[in-house]
Structure formats: structure tokens, C-alpha cells
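**Q** Letter by letter, the chains look like this.
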Amino acid sequence: MYVAVKGGEAAIANAERLLAEKRRGDPAVPELSTAQIEQQLGLAVDRVMTEGSLYDRELAALALKQACGDQLEAVFLLRAFRTTLPRFGASEPIDTARMQVERRISATFKDLPGGQVLGPSFDYTHRLLDFSLLATGGEPPPPAPLGEAEPESMPHVLAMLDREGLIESEIDRRPDAPVPDITRDPMTFPADRAARLQGLARGDEGFLLALGYSVQRGYGRNHPFAGEIRFGAVEVEFVPEELGFAVSLGDVAVTECEMINQFKGSATEPPQFTRGYGLAFGHCERKTMAMALVDRALRARELGEEIDSPAQDEEFVLYHADNVEASGFVQHLKLPHYVDFQAELVLVRGMRRAAEAAAQRARPLAVAAGEE
Amino acid sequence: MNHTQTAAPSPGFADPVQDSQRAFRGLLDAIARPGTIVRLDAAVSAPAPLSAAAAAALLTLVDFETPLWIDGAAATPEVLAWIRFHCGAPITTEPAAARFALVTDTVAMPPLDAFCQGDDSYPDRSATLLVAVEGLEARNGFRLTGPGIEDEARLAVEGLPPGFIAAWGRNRAGFPCGVDLFLTCGDRVAALPRSTRLEV
Amino acid sequence: MDGYNFAYLDEQTKRMIRRAILKAVAIPGYQVPFASREMPLPYGWGTGGIQVTAAIIGLADTLKVIDQGADDTTNAVSIRRFFARTTGVATTERTADATIIQTRHRIPERSLRADQIIVFQVPIPEPLRWLEPRETETRKMHALSEYGAMHVKLYEDVARHGRIATAYDYPVMVGGRYLMRPSPIPKFDNPKLDRSPALQLFGAGREKRIYAVPPHTEVYSLDFEDHPFEVQKWEQACALCGAGDSFLDEVIVDDRGGRIFVCSDSDHCGERRAAGHVGAQPDALGQPADKVAP
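Chains as they are written, first to last, in my numbering: chain A, 69 to 440; chain B, 63 to 262; chain C, 338 to 631.
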């Protein structure tokens, strides 16, 4: 057992080779290409890009392949690569109102300019295993009929409420202040909303889902309505210092969720709806909805609400949302701890001896002698 | 960059990765053992009045994330161009806004407490000053005590402004807040972190 | 390693970490926040120590990496291999030959020298964290030097157990000002922190903090007049080298309760055996011959 802990270089190299073999699986089965992962496991790729904070479908697919499909491991791989990349500056804010919409729904209005566009969605599929997918090599599905969506005429639902003054305006209160970057500066508390949203966007989907769910069940309830969820491509623009005007870097696919939440008003503010916001790379509605619920919950302080639930506690949420940090620290318990454990053993044995000695002293001499 | 300049800035480190590592270890040694004089001897041809040690410290520590204050004597077009080119540091005219300060004329130097002191919650947010002095000897002179010093260290410094001892005493009294100093002289440097007590 | 900078980190990141290290040295025991980067090794596995080492290491250095006091534990091997690949610097298992020692959970038995730097891997840097989970609160407590809660906690131990029931990561005061966590070293190693001639750097990657103890700086392990600080002692000596004053690992050798004790510091044990010291069961672990050779 001593040898097992004291592994050494050869043991590590062998473990890597075993992993490579496991990854490949049965060689009689054709090897998976990253193009297949990118195309046919696209939602896995989207999650890895979002939580890996890097928009690169091919590298995310590679990470998934390398990680044998383990999403958190793939996120970690992408993050460790991202951290080595030089940065040239910050892009202009993307304008989701100009999105090439593939899907857009609102739960708050039956119909609205631009209409409801279901797009590709699991929502109304019956979750019956489709055994026809067991077979490969068949004909690709016939193309779906094109909708009549006109992206240009698809204003944000919340912008319409905003015009009526029914919802708080989303305005940048410090437009000239640099946007914080939580990957370049350690988070400090209280954190501003931009930093919080970055933390949530990188945050683990499962963690945010559970927190968002807890909000709905009454732990920091904020009466949410899904005002609008849209998914599609937006253009990313960058202003190079030497040019002084914006140039297009290309399109990225994003999902955006805008929640509408109740707010009763205060002494200074009339009753008005408030907002929660979620944004993620690719198609991740569950993630963006959970993110929007938690974003709104974290605004409790700013809106003068009582803070008594986990989702409202920014240190709790933001320190524990990152799955690369969490996964590393939970799993570091696998590392040897025998020095500290030995220190504890010495302590506990000493304390037990002291307790026994005290018990001996307390007992009549004859009984103690009889036990010897 | 200054477009009235015709000549390109003189070179920085020949091997930026290794030279800055060695310079950093020198600076680390200096601040970990106040009173110790270390040499930053990588070949750097910085424009006057930048000394070799001050230039090496700038190349090693300063970049676009660290606003830099430069005194009047050093703020020549050549020096500014050199710093912009090699460090990319934003130059500030406000001592209190600077993370680093370059002092080449100690007579005209702003008081130590004009620079950012940090605060009790974040004392690390204070400024680091690179101060050019005329002489630096690790014997006689000031008696230094504090963290990093076994018993006491001796450091003779020529060219500090009058009243420096009292000003340093106030800086020390503000611990954990306060500025940290690197005293540069040619290619040599010694450090006075805020934790060091100074006596004549 | 192709495609990566010397010591993996880019130069801008190194500058950022170097600035943090200088401030940490200037404010002994204070935890400097830094923009910790994702490393290719998991958080919690030494990323803070690795970033500190990467920021200080150069071609003239000789690196030693230990985990639990030993050079041949898997994580120590992995980290040493990482630096060998990314820097090409010399590595050693000999404490005496190292200029930088990165460690998890131990300080070598051999006294460190002024020309050595020891880098500790730190999981949780905040000494008050178990008493107060909130960073906003603990930061205030440090600002005000308000450490009464820690004394109360230790005193409660004394009241309940008759002694301070903390065996590792034992809290210390640095330079009389900052309460500091020495990382999960056994309290056996705490006296080595005090007035060490070597510079001691601490890196917590996941928690994004760097702190330092400069050479010759007082590091005081908290205690009470009637319950002075004391270190672990063993009734046994090392089975391999016979050392009676080193930190011992307990090794279970069979399933009938058989156990032996051996030095946790593998270099120290090897050096002693090479010098002719012999314990009661020198072959108990079938140590390879090269471990015994000088």
C-alpha cells in the first residue's frame, strides 16, 4: 500500500496510457471525429464553451473528446487553454436586438411584433426514446419548412414595457468605467452587477439550476415571468486603437433570457417590474433562465429586499458557482493527507489516553485493579 | 508614442523572459532583506536620467495595468517614449493615482504620504516608489530593523531629501498601510519596505 | 514545451504575480489578492504554489517538490515534471541542493538557508474562515486586528478537551500584526516558521491569495500561559533510520494491527541512512537501494 501512494513517474505515465485506451474504447467501433461532436453533440459543445469562457466550437469539441465526454473536465481543459491566450482588448457590447433569431419566445404576451418563433426545441417533444436513432447511416431528416420570422421586426419584449415605464430601465450607470474582468482581477465584495453576471455566466449550470429552482420554491422568491428567451447569431465588433472605428470579427451564437420580476415599489420608487438577465454561448436556455433567476435574487441588496436565502447571498453564490474551482477542491481530497491525518491520530490518541486516565482516577482502586 | 520623436526607443531587456526573472529575484531579495544591496546587471540602454536598476525594475514590474507617476526631471520625451514602448504603462500626473512612481530628483520629491497608502482592508493597494539616490553603501549610515533583518542592518544612503527620517517614521507608523521604496543607484538597488524601522 | 512560455505563465501574468509577491513580503502575513489563473493542474492540487514558483523560478534555480514531506508522492512527481517540462531547470530531491522548495503539508526537517525560498501550497488561506465564512467580515477583522474570536475558539478547546485540539494548520501571528494560516502543515513544523533564514511564500490559487513571511520574522503559534504551545511527539522512532526527532508517518503493514513509523521527510531519512543511521526495521518497506545511496 505504501507503493500505491508513492507512485512516481512511471505510474503516472501508465495511468495516462490507460486513460488513452479507455478514451478510444473498442477499436472495432469507428473513432469519433471532433466534427461529429461539434455537429451532433452541439449542446454539449455549447455548455463547454459557456462555462469554459471561450467561443471556439472546434476546441470545445476537442476538449469533450479528450475528456471522454466529461463536461466539467472539458470546461477545465478549455479554461486552462484560454488562460494562455494573449488579449487584444474588449469587444463592443453585442446587440441582441440585432440577432439573427432562430428561436424567440415570450411567456408574458400571447402575440407580439415578430411573433413567437419556436425554432429547434425539445420543449414540446414527447420524451420517448426514438429507437430509429439506434441505426446509423440512414437518410438525413428532410429540411424543416422555413418560418416567416423577420429578425428586423423583432424588438425585445422588455423594451416595449420599458417604453411604458412599467419596467426598470437597463442603463449603464457608469458608461465610462471600465468593465471589470473577473479573470484578470480577483472578485471583491460587494461585487458590482457586471462582475456578478460574469461569475454567473461562467458558473456551473447544475449549481445555478438548483439555486434558481430554490428561488421559485420560496427561498428568496422574486415572482419571475419569462419575458423573453431568444437564441441566434449576433455580430461581434471590435474597435482597434489604430483604426478608431468598429470592424466585425464574425458572428457568435448566444442564448439570452430576460426575466420580468415583481417589485412592489418603495418610498422613492413607484411600483415597477424589475429584471433578471441571463446570457450564454450557443443554445442553453436552461442555463440562461437559471442565471436570470439568480441574477435577480442577487440584486436583493440594491433593491432593498431582505437577504435571507442562499440565492441572494453573493459571497455564497459567486464563491461556489465555478465548477473548475469546486471540482478541483472537492477532488483534492484524493491527494494524500497522511501527514495531517497522522497529526490528528496523535492528538486523538493523546486525548483518549488522558480521558481514560481521568476515568481511572475517578474509579475506586479495586475496580480499576480488577480490570487490569 | 510621441510622433515628434524620430529615433526609435533604445532597447529594453535583451532576453525579456530571463532578464526580468533575474531582475525580479534581485528585487525580491532586496525587499525580503531590507538593507541588502543587490545588482540588477542585465544590459539595458535606457535614456537618462534612468539608471540601469530603475530601468530594470520598470521593465520587470510595470505594465498597462499599473499607472505610473514620473517626476519632472525624468519626464523627458525620450524616457516617456521608452516607457510607453517597453512597459505600456499609463502615465499619471496624480501621485495618489499611481501604483508605481519614478523619482529621479529627490529634492523635488512629493511627500511620501502624497502617494497611495492603501487602506486597512487592502494595504497592498499602496504605491511602490523607485527612488534614485546618489550613494548606497551597506555599512554605516542608517540602522535598519524589522522583518527580513536578523538583528540589524546598516545602510548608508546619499541624496535622500531632508526630513526623510521623520517622513519614513510616519510611513512606518501607518503600518500595515504605507509606501514601499526601492532605492536605486546605478545598477544597484536596496529596498525599504514599510515594515522597516529606520534610525540614524 | 512548444507553444508555451518559460514556466507556462505569460509574462504579463508573471508581472502581476511578482507585484503581489513584493507587496506580500512588505506586509508580512497579510493575504494579497491576486488574479489567479487557471492552470493545467486542478485547483486544490497546488495551483497557488505553482503560480508562485512559476513567477520566481529561473534557469539558475534547482527545484525540489514535496508532498507530505516526500519527493516521490504522485502529486509531487506531477508538479516537478510540470516544471521540468516547462522550464528545463534542474530538479532535486535533496533539500540541501534546492534553491526553491515547493511543498504541500510539510517543512523539511533540515534547517533551511538564506539562499533558499520555500513555497507553500495553500488550500484555505484565511485563518478565520471556520469562525466566519464571509470574506467581507474576515477582511474587517484583519483590518482591525480583531482576533479575539480565534482565542475564544482555542480556549473552548482547552475547556472541553483540556488542550488545544488543533493538530495542523495551527494559527500563528506574524510579526505581531497578522493572524496567518501556515497551510496544513502539522503543528510539529510551526517552530520552523519562526525566524527562518529562508524567505517563505504562500500561494492559494483557488482562493486567489498570496502571502509571505520574510526571513528572520517572528512567527508565534497562539497559546495560553497555562497551555503553552507544544508539538507532536512519538514514542516510536523511525523504523528505517532510527530518527527520534522527526515527524513520523504511520504505515500499516498487515491487517492484524501491525504498524511501523517512518520519517515523513524522505530526503531526511535517506540522508540519515546514507550516513549510517539504522532503525529497528531498516528493510520494512523494501526501500529501493537508490534511496539509501548518498
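Calculated directly from the structure, the hints in this document are not laboratory data. A few of these clues could be false.
For each label pair, taking beta carbons as the anchor points, the in silico distance ranges come out as [said to hold, decoys possible]:
| # | chain 1 | residue 1 | chain 2 | residue 2 | range |
| --- | --- | --- | --- | --- | --- |
| 1 | A | Arg-261 | C | Arg-497 | 54 to 62 Å |
| 2 | B | Glu-199 | A | Arg-261 | 48 to 56 Å |
| 3 | A | Lys-178 | C | Lys-490 | 54 to 62 Å |
| 4 | C | Pro-565 | A | Ala-425 | 34 to 42 Å |
A partial selection of chain C residues facing chain B, derived with a Cβ cut-off under 7 Å [said to hold, decoys possible]:
| # | residue |
| --- | --- |
| 5 | Arg-352 |
| 6 | Ala-421 |
| 7 | Arg-466 |
| 8 | Pro-470 |
| 9 | Met-478 |
| 10 | Leu-536 |
| 11 | Pro-551 |
| 12 | His-553 |
| 13 | Thr-554 |
All of these numbers come straight from a predicted model, not from anything done at the bench. Idealized CB from N, CA, C, for every residue including glycine.
**Q** All hints are to be evaluated individually against the structure, with a verdict given for each.
**A** Structure-based check of each hint:
1. A/Arg-261 with C/Arg-497: 54 to 62 Å: Given range 54 to 62 Å: violated, Cβ gap about 45 Å.
2. B/Glu-199 with A/Arg-261: 48 to 56 Å: Given about 55 Å between the Cβ atoms, the range holds.
3. A/Lys-178 with C/Lys-490: 54 to 62 Å: 60 Å, holds
4. C/Pro-565 with A/Ala-425: 34 to 42 Å: Violated: the Cβ-Cβ distance is about 21 Å, outside 34 to 42 Å.
5. Arg-352: Result: holds, 5 Å to nearest chain B Cβ.
6. Ala-421: Since chain B brings no Cβ nearer than about 17 Å to C/Ala-421, farther than 7 Å, the hint is violated.
7. Arg-466: Violated, because the Cβ-Cβ distance from C/Arg-466 to chain B comes to roughly 17 Å (cut-off 7 Å).
8. Pro-470: Since chain B brings no Cβ nearer than about 18 Å to C/Pro-470, farther than 7 Å, the hint is violated.
9. Met-478: It is violated, given that the least Cβ distance between C/Met-478 and chain B is near 10 Å, above 7 Å.
10. Leu-536: Holds. Min distance 5 Å.
11. Pro-551: 4 Å, holds
12. His-553: 4 Å, holds
13. Thr-554: Holds, about 4 Å.
In the structure shown, a violation is registered for the earlier hints numbered 1, 4, 6, 7, 8 and 9, in ascending order.
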